[in-house]
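S.K.: Next come the chains, spelled out residue by residue.
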Amino acid sequence: MSFLDFLHGLFQYFSRHRIEIFSSTLEHAWLVGITMALAVAIGLPLGILVTRRPWLNKPILGSANVAETIPSLALFGFLLPVPWLGDRADRLAITALTLYALLPIIRNTAAGIAGVDPAVREAARGMGMTNRQLLWQVELPLSLSYIVAGVRVATVLTIGIATIAAAIGAGGLGEFIFRGLAMVNNQLIFAGAIPAAVMALVADYLLGWLERRLRYART
Amino acid sequence: MSSSATIDAAIEFRNASYRLAGGQTILDHLQLEIRSGETLVLLGRSGSGKTTALKLINRLLEPSAGEVRVEGRSTLAWDPIRLRRRIGYVIQDAGLFPHFTVERNTALVPHLENWEPQKIRQRVEEMLRLVGLEPNQFSPRYPHELSGGQRQRVGVARALAADPPMLLMDEPFGALDPLTRKEIQREFQALQRRLAKTIVFVTHDMREALLLGTRIALLDAGRLVGVYSPDEFQQTADPAAAAYVAAFRAGEEP
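Taken in order, these protein sequences are the chains called A and B.
Numbering-wise (my numbering), the first sequence opens with residue 1 and increments by one.
Numbering-wise (my numbering), the second sequence opens with residue 1001 and increments by one.
By construction, these hints were calculated from the structure, which means they are not laboratory data.
Watch out, some of these pointers could steer you wrong.
Distance windows between CB atoms, simulated [stated by the list, open to error]:
| id | chain 1 | residue 1 | chain 2 | residue 2 | range |
| --- | --- | --- | --- | --- | --- |
| 1 | B | ARG1073 | A | ALA67 | 50 to 56 Å |
| 2 | B | GLU1145 | A | ASP87 | 55 to 61 Å |
| 3 | A | LEU26 | B | GLU1134 | 43 to 49 Å |
No experiment lies behind these values; they were computed from the predicted model shown.
Built from N, CA and C at the ideal position, the CB exists for glycine as well.
Here chain B stands alone, though its shape is the one from the complex (with noise of 0.2 Å):
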């Protein structure tokens, strides 16, 4: 039943629409397909559509009309829970438990899969290490203890702690100052080459989608306005995309 097309796309959106209640259209016939093992960004002014189709892959939304297919299989037909167990989730403000320490809010996923205690610790230790945070001095901290690129960090190694095949960002590093933000984009840069993982990685900062994406989808207005290569974005005759490209070569973020 399956195209070779399905085969290699880890997630593919089949004209999928969402729609409010009040009728207002969000996101218009998207068509697209995410490779295993690459990163598309989802780049987009606010309002685009790109944090709607986000949600759409973890079942947070359900299309309107079309379908949104993980591992081949629509997102309807999977259990919500078992989706979204396997696909990591780092949104903006990290969402980190304020009750919980840097400890228990990376072992979050691991504990709901009822992993043993001795492995979740190693696997906590292992991610707060790969996340650049000393386990032994962050641990025990609670959130409201860390820095905003702290709060980030854990947020990330929240989102890979139960080693999920795919991962979900939006605008994981939005919030932080623009020296933070450098830093932590170039370490993770290098957290996505070690890891191999299908990320979607939704951005307004073009800077940021140039710099992490192996593919760029442009979304305006809730259409899909072309996907290219980091090369081909800045070339492209594309008037949607050139308008990117004017507004940020002037120093504007757009």
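Pulled out of the complex, with its shape left as it was, chain A reads as follows (with noise of 0.2 Å):
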């Protein structure tokens, strides 16, 4: 079979399943975009709270690294016995691929805070400004560029890792992989793996310029 050929199955393929393709791309994107809402929500105020009680910094950004290392199949494997989050499988999908995200919110946030110049910072408390307003006017969006930078690998890094959420049943773009896999049909396992390459492309290119957009000239 030649590589034309092949392409022309693969098209005839995709045409005939687009339904299904695009179904599973959306529940794909539903996880991703639960998975980065959870992962904000809970990188962010983590990613602050390092650079306000410095003796945090080393358990918050160690465990976020020790749950980065463990190979995801095995995480989702280990949340299985746990009661409620085993009970359904894109409740667990999704905890799992949360875990993985925070890394990198985390650790941007963090440095962001971080790397805002110290004579700003001095300028601003002699000014007289509260913690609070020093966080929010100053430092926060000094730093956004920095975080949505995290939200970028963060986001990425979950499209892949969200399709090995299908062997626990979650659903998303890994089910076509899995089936590909065992029929040992590449048709099937393309059929997966390029929208979510797609997927992950096109996240990557709307969050670099968002990333772009928020960087402040520095004098």
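Bring the two chains, given one by one in their own frames, into a single complex with the hints.
M.R.: What follows is the structure, given as structure tokens:
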């Protein structure tokens, strides 16, 4: 079978199964979307906390680092027997994916805040800003591009790892991949892998654009 | 409870010391009064403790021993936020917010104090004119679009915006080229006379100290060597001050 034949077959497969592929892509995007919302909601405050209480730096970043090193399939397995979490596959998948997404967000938030020019911080405090005003009016706006960079890394990572969530029945584009592997069918594998790759590229581009927009000119 | 000396002292160091956690003494039993309306220059080399003394006034630092009184009250008895908003603060790198326009930078303290927008706008215009920046031209600019001298002018405008009775200035003109520095010093001199604020001015530049100071307090290794009028300073027999003058005459910056 020539490469062109293969492409032709792939195209036919995609057009025949477009509805199925489309709905899996939506399911995948939903998994990633919920995961990122949770990861930002948890990671951003933790990243701020690390800059406020330096002694928490090691325990928080250390735990996030450890979570990052657990192989994803194993992490899904570890969480399976946990009550409530293990009841539903999507709940379990989102929990595991959130754990992976946390590290880049926490790290970039903390690094962004730590990178604010000390002269700016000193002027802000010397002018009588409260800690809260310093955070909201100075530190967070000046770290925004770093935070978005962290979200960007985490999003691309999550889109990839979310394909593995199909192994525990959470759906998404991974279903095609696993089915394709079982049936030794490359077309099926590509039906999962190509939309996932496109999704990752699009997310990377959009968040990269946002990151550049939010970068402030340094004096 | 207050002696007659404290009545016209805007700021008073009473045996104030500052030590680092490691035990190193940065400021050693400083005894100094700053009178209302004067410009007191804290002169000294790097590491003499002059910036530390300044930060004790607006409670960016707290004394390890002794106390610092502002308007007759220990800085520790002040709410630090209220205290700082009564004291303008200008630092060497200006410390302008890079994400704020000149207008928003200048309006910082009035904004924090919840002034009405109309009043803030008027005040900002007035302040920018005062420091020699045309409001229409400069208000919408960002700090990175300004020269060093212009940034420093905005720094002064920002410090004066809420009309604080006191002003702390930490080597405000130190990073400027000699010509710009001279120009801005001369303008600042005129501003000083007009505003009659209590100013504490930190510098290592003797020429600047002589030009701008009502009195000069010389610090060396955390200790106060003496307080002099500009004329006295140049004639004093005190070895540390004389060394400063001699080094200056020889054309070096001490």
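S.K.: None of the hints should be skipped; say for each whether it holds.
M.R.: Consistency of the hints with the structure:
| no. | hint | result |
| --- | --- | --- |
| 1 | ARG1073/B <-> ALA67/A: 50 to 56 Å | 51 Å, holds |
| 2 | GLU1145/B <-> ASP87/A: 55 to 61 Å | 57 Å, holds |
| 3 | LEU26/A <-> GLU1134/B: 43 to 49 Å | 56 Å, violated |
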